[in-house]
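Spelled out from the first residue to the last, the chains are:
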Amino acid sequence: MNIRAKSFVAALAVAAAFNVSAFNAPAWAHAFLDHAVPAVGSSVQGAPRELTLNFTENIAPAFSGVTLASAAGGAIAKGKARVDPSSPATLHVSIGRKLAPGTYVVRWHVVSVDTHHTSGSYKFTVAP
Amino acid sequence: MNRSLRGRARLCAPRTSILAACAVLAAFASQARAHTIVGNRVFPATQTIDDPGVNDELSLPTFSYLTLANPDGSPGPLTYSLGWEYMKTITADLGFSVGSGGYNWQQRPNAHGWSNIETELKYVIWQNPAAESIIATAVNVEWGNTGSPQSAELPSDPFSTITFKLFAGKGLGDASADWLKPLAITGEYDFSVPASTYNADGSENPTTIAYGATLQYSLFYMNSYVQELPWLFRRLIPAFEADFTTPVSNLAPNTPGDFGTNVTTGVVGPSLYYIGQYFEVGVMAQVPINSASGTHIGALAIVDFFLDDIAPNSIGKPLFGPPQPRGHY
Ligand SMILES: [Cu+2]
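Keeping their order, the protein sequence lines are chains A and B.
In this text, residue positions in the first sequence follow our numbering: the first is 4, and each later residue adds one.
In this text, residue positions in the second sequence follow our numbering: the first is 51, and each later residue adds one.
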């Protein structure tokens, strides 16, 4: 084969491998936070009773968690983060008490099923 | 890949008698294309320079369009190319890639040909997930005469070229001001040495340095960590890119009416990336920095498949060792 044919065949082989794998392997990616309630960086009226974190990928509950703190750093009591059975990319966390007006920091860490770790934090504000 | 395009186009453009042969020279040492994840930071596979990490992925195609200039200021050939690259991780920090500038065609005059094949070994020297920082190095070989033969309209380079590369990336997620957190910068520095200095006709193949950088403002990052955005914007990374090539030795004497043989060429311009679940697409407007680099705004585009996410249990993981420990704290 000349080089042109060779490159073409190589490209085809790669494309074929890619296609086969795409259909046969479970597909998981890095889980990044897509949206949340209350929303990342938002200001809300009224104290939320629950945090909802929606990720870009399904996550493994055993390795995932959420903490909630006031802007000053004081931890806020809350329930255990649980994965929504009907939507495995969503975490729900119930908040133990009514939040006073102020800014709060949510810290999360999750693992997608392919073992990719991601973590992060964001703020939201409860308006007076 | 675009470095060679510009650098060699400059050398060629004056020699109108062999214009057709030039676009091949114009055609690319393609660069490794990869997206990189360090801590919370996704560095997309960028277009003017490579991103600073290794991964399992397939760039197919990479597209380039540029209008070259003649030394008298008149528009030169219109050049197009469609390239590809496949990168495989050997360990989580060591990657091997094979690729090519691929198929090149030009108008004014019409001609076409295939670029040489390139291979690259890339190694992540250091990274810090919490600081979203990474440094990597690579050795790239463009294999002479593996593209179109010397008898073709656009022959490939008859000699091999070895390039030593250094990469760095830094995300500003640890900045104190919220508006700074989505920012990231990446940079690349290359030193390219042709395996043979002299050509059959007595002309010289210059040693070149190439250096480029990208400034990225990640709406993807902003949405996750700073401020939720409307869904249309959540996966976008606007950026500004710049890339330059300077011949440093084995320079032919300057001839009157030509571009100087030691002139720095390059492009700058805005780009935009969309980060999907399993792939990325990017486009860039490339603005030539001088007439030796081109006459009009050109375009770059890339489609990049994330094989680590598409097939994490087979071709998407390193041959040895755990997958991507770099993502872990
Ligand atoms: Cu992943």
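Watch out, some of these pointers could steer you wrong.
Claimed, not checked - Some, not all, of what chain A presents toward chain B, calculated at C-beta under 10 Å: (1) Ala39; (2) Gly44; (3) Ser45; (4) Gln48; (5) Glu53; (6) Thr55; (7) Ala72; (8) Asp87; (9) Tyr107; (10) His119; (11) His120; (12) Ser122.
As the list claims (entries may be wrong) - Derived lysine to any residue pairs resembling SDA-like cross-links, with alpha carbons at most 25 Å apart: (13) A:Lys126 to B:Leu282; (14) A:Lys126 to B:Trp155; (15) A:Lys81 to B:Gln277; (16) A:Lys126 to B:Ala180; (17) A:Lys81 to A:Ala103; (18) A:Lys126 to B:Asn120; (19) A:Lys126 to B:Ser183; (20) A:Lys126 to B:Ala225; (21) A:Lys126 to B:Ala181; (22) A:Lys126 to B:Phe283; (23) A:Lys126 to B:Pro199; (24) A:Lys126 to B:Leu279; (25) A:Lys126 to B:Trp229; (26) A:Lys126 to B:Thr345; (27) A:Lys126 to B:Ile140; (28) A:Lys126 to B:Leu286; (29) A:Lys126 to B:Gln277.
No lab work stands behind these hints, which were simulated from the structure alone.
Here a beta-carbon is modelled for each residue, glycine too, at the ideal position from N, C-alpha and C.
These are the hints, each one checked on the structure:
1. Taken as an interface hint, Ala39 (chain A) checks out: its beta carbon lies about 7 Å from the nearest beta carbon of chain B, inside 10 Å.
2. With its C-beta approaching chain B no nearer than about 3 Å, Gly44 (chain A) sits inside the 10 Å limit, and its interface hint holds.
3. For Ser45 (chain A), the interface hint holds, since its Cβ comes within 10 Å of a Cβ in chain B; the closest pair sits about 6 Å apart.
4. Among the interface hints, the one on Gln48 (chain A) is violated; its C-beta lies about 16 Å from the nearest C-beta in chain B, farther than the 10 Å criterion.
5. For the restraint placing Glu53 (chain A) at the interface with chain B, the shortest Cβ-Cβ distance is roughly 17 Å, beyond the 10 Å limit, so the hint is violated.
6. A distance limit of 10 Å between C-beta atoms decides the matter here; for Thr55 (chain A) the minimum to chain B is near 12 Å, and the interface restraint is violated.
7. Interface restraint check: Ala72 (chain A) against chain B, minimum CB-CB distance 16 Å, threshold 10 Å, status violated.
8. Interface hint status for Asp87 (chain A): violated, as the beta-carbon distance to the closest one in chain B is roughly 19 Å, over 10 Å.
9. Interface restraint check for Tyr107 (chain A): the shortest CB-CB distance to chain B comes to about 15 Å, outside 10 Å, so the restraint is violated.
10. For His119 (chain A), the interface hint holds, the least distance from its beta-carbon to any beta-carbon of chain B being 5 Å, beneath 10 Å.
11. This hint holds: His120 (chain A) has a C-beta 5 Å from the nearest C-beta of chain B, less than the 10 Å allowed.
12. At about 7 Å, the closest approach between the beta carbon of Ser122 (chain A) and any beta carbon in chain B falls short of 10 Å, and the interface hint on this residue holds.
13. Note on Lys126 (chain A) and Leu282 (chain B): the hinted pairing holds, with a Cα-Cα distance of about 22 Å set against a maximum of 25 Å.
14. With a C-alpha separation of about 52 Å, the suggested pairing of Lys126 (chain A) with Trp155 (chain B) is violated against the 25 Å cut-off.
15. With a CA separation close to 23 Å, the supplied pair Lys81 (chain A) and Gln277 (chain B) stays within the 25 Å bound.
16. For the suggested pair Lys126 (chain A) and Ala180 (chain B), the alpha carbons sit about 19 Å apart, so the restraint of at most 25 Å is met.
17. Restraint check for Lys81 (chain A) and Ala103 (chain A): the C-alpha separation of about 14 Å stays at or below 25 Å, so the hint holds.
18. Among the hinted pairs, Lys126 (chain A) with Asn120 (chain B) is inconsistent with the structure: their alpha-carbon atoms are about 56 Å apart, more than 25 Å.
19. With a CA separation close to 24 Å, the supplied pair Lys126 (chain A) and Ser183 (chain B) stays within the 25 Å bound.
20. A C-alpha spacing of about 15 Å is found between Lys126 (chain A) and Ala225 (chain B), which places the hinted pair at or below 25 Å, so the restraint holds.
21. Between Lys126 (chain A) and Ala181 (chain B) the alpha-carbon distance is near 20 Å, which keeps this suggested pair within the 25 Å criterion.
22. Between the alpha carbons of Lys126 (chain A) and Phe283 (chain B) the distance comes to roughly 20 Å, so the proposed pair stays at or under 25 Å and holds.
23. This hinted pair does not check out: Lys126 (chain A) and Pro199 (chain B) have alpha carbons roughly 60 Å apart, beyond 25 Å.
24. With a C-alpha separation of about 14 Å, the suggested pairing of Lys126 (chain A) with Leu279 (chain B) holds against the 25 Å cut-off.
25. Proximity of Lys126 (chain A) to Trp229 (chain B) is assessed by CA-CA distance (about 13 Å); at most 25 Å being required, the pair is judged to hold.
26. In summary, the hint linking Lys126 (chain A) to Thr345 (chain B) is not supported, as the alpha carbons are separated by about 48 Å, beyond the 25 Å threshold.
27. The hinted pair formed by Lys126 (chain A) and Ile140 (chain B) fails the criterion: a straight-line CA distance of about 39 Å is larger than 25 Å.
28. Restraint check: the Cα-Cα separation between Lys126 (chain A) and Leu286 (chain B) comes to about 21 Å, which is no more than 25 Å; the hinted pair holds.
29. Restraint check: the Cα-Cα separation between Lys126 (chain A) and Gln277 (chain B) comes to about 9 Å, which is no more than 25 Å; the hinted pair holds.
Checked against the numbered hints given earlier, the structure breaks hints 4, 5, 6, 7, 8, 9, 14, 18, 23, 26, 27 and satisfies all the rest.
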